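Chemist: For reference, the chains in residue letters:
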Amino acid sequence: DTAVSQTPKYLVTQMGNDKSIKCEQNLGHDTMYWYKQDSKKFLKIMFSYNNKELIINETVPNRFSPKSPDKAHLNLHINSLELGDSAVYFCASSLGGMTVRAFFGQGTRLTVV
Amino acid sequence: QKEVEQDPGPLSVPEGAIVSLNCTYSNSAFQYFMWYRQYSRKGPELLMYTYSSGNKEDGRFTAQVDKSSKYISLFIRDSQPSDSATYLCAMSASFQKLVFGTGTRLLVSP
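Line by line, the protein sequences give chains A and B. Here the first sequence stands for residues 578 to 690, numbered as in my numbering. Here the second sequence stands for residues 45 to 154, numbered as in my numbering.
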């Protein structure tokens, strides 16, 4: 039973399109995150939600909008996709905002053509 | 200068070797230090977690933190081909975001 699951696993789309990535966790955690991993494997946090409230919002273009309908779900919507958005996006979750013990999903490999 | 520096490798070793992976950092507020392992096309998984300075051992893995030098290490004893992966160090200040290194790719040959 997958702890942190993301859909889709792969996403290929054209520049200018709008796309969403969904994430769900069944660990009972109250904090969820979106990370971006670039082609050089550098992993950087984008957003963090605790109990549906946005607590971390890094310098990310406004085209990226996270939404947390409940504690177990965190979605990422991206408008007007650009070539530079191509990356692997990871969802993660933890308990009590303790990012030190974050569990990661399998990632969504986004390719913008 | 990045907050966390990590040699990207690849680091190639024969099976059974002792592997040493390292990271340096610049932010003296970091108190929590982690090592994640990431297999190809998978998400990172937490290997070791250490608070403040000192050593921590878990099976073949030993994590060391030297806060005075702003230097952390992960040692893998009796390395196995299944240890071949990218190892990411990560650290944070209290209840703050995780900051990752760029990862070191490790290749253990049979």
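These aren't lab readings, by the way, just hints derived from the structure by calculation. Heads up, a few of these hints could be off.
[Said to hold, decoys possible] Here are the computed distance ranges between Cβ atoms for each label pair:
id : chain 1 : residue 1 : chain 2 : residue 2 : range
1  : A       : 591       : B       : 153       : 17 to 27 Å
2  : B       : 51        : A       : 636       : 22 to 32 Å
3  : A       : 605       : B       : 71        : 29 to 39 Å
[Stated by the list, open to error] As a list, the in silico DSSO-like pairs of lysine-lysine whose alpha-carbon atoms are at most 30 Å apart:
id : chain 1 : residue 1 : chain 2 : residue 2
4  : A       : 617       : B       : 111
5  : B       : 114       : A       : 644
6  : A       : 629       : B       : 114
7  : B       : 100       : A       : 596
8  : B       : 100       : A       : 599
9  : B       : 111       : A       : 644
10 : B       : 114       : A       : 648
11 : B       : 46        : A       : 613
12 : B       : 114       : A       : 618
13 : A       : 648       : B       : 111
14 : B       : 86        : A       : 629
15 : B       : 114       : A       : 599
Small disclaimer: the values here were computed from a predicted structure and weren't measured. Note that beta-carbon positions come from the ideal geometry of N, C-alpha and C, so glycine has one too.
Chemist: A separate judgement is required for each hint: does it hold in the structure or not?
Modeler: Cross-check of the supplied hints:
1. Residue 591 of chain A and residue 153 of chain B have their C-beta atoms about 41 Å apart, which leaves the hinted 17 to 27 Å range violated.
2. The beta-carbon spacing between residue 51 of chain B and residue 636 of chain A, approximately 26 Å, falls within the hinted interval of 22 to 32 Å.
3. Separated by about 31 Å at the C-beta atoms, residue 605 of chain A and residue 71 of chain B satisfy the suggested range of 29 to 39 Å.
4. Proximity of residue 617 of chain A to residue 111 of chain B is assessed by CA-CA distance (about 27 Å); at most 30 Å being required, the pair is judged to hold.
5. Distance check on the hinted pair: residue 114 of chain B and residue 644 of chain A sit about 37 Å apart at the alpha-carbon level, beyond 30 Å; violated.
6. With a C-alpha separation of about 35 Å, the suggested pairing of residue 629 of chain A with residue 114 of chain B is violated against the 30 Å cut-off.
7. A C-alpha spacing of about 43 Å is found between residue 100 of chain B and residue 596 of chain A, which places the hinted pair above 30 Å, so the restraint is violated.
8. Of the pairs offered as hints, the one joining residue 100 of chain B and residue 599 of chain A is violated, with about 36 Å between alpha carbons and a cut-off of 30 Å exceeded.
9. Distance restraint check for residue 111 of chain B and residue 644 of chain A: the Cα-Cα separation of roughly 37 Å exceeds the 30 Å cut-off, and the hinted pair is therefore not satisfied.
10. With a C-alpha separation of about 36 Å, the suggested pair residue 114 of chain B and residue 648 of chain A falls outside the 30 Å cut-off, and the hint is violated.
11. Of the supplied pair hints, the one linking residue 46 of chain B and residue 613 of chain A holds, its CA atoms being roughly 17 Å apart against a limit of 30 Å.
12. At roughly 22 Å between alpha-carbon atoms, residue 114 of chain B and residue 618 of chain A fall within 30 Å of each other, so this suggested pair holds.
13. Simply put, residue 648 of chain A and residue 111 of chain B have alpha-carbon atoms about 35 Å apart, too far for the 30 Å limit, and the pair is violated.
14. Annotation: proposed proximity of residue 86 of chain B to residue 629 of chain A holds, straight-line Cα distance about 26 Å (limit 30 Å).
15. A hinted pair counts as satisfied when its Cα atoms are at most 30 Å apart, and residue 114 of chain B with residue 599 of chain A does not qualify at roughly 37 Å.
Against the hints set out earlier in the document, violations occur for numbers 1, 5, 6, 7, 8, 9, 10, 13, 15.
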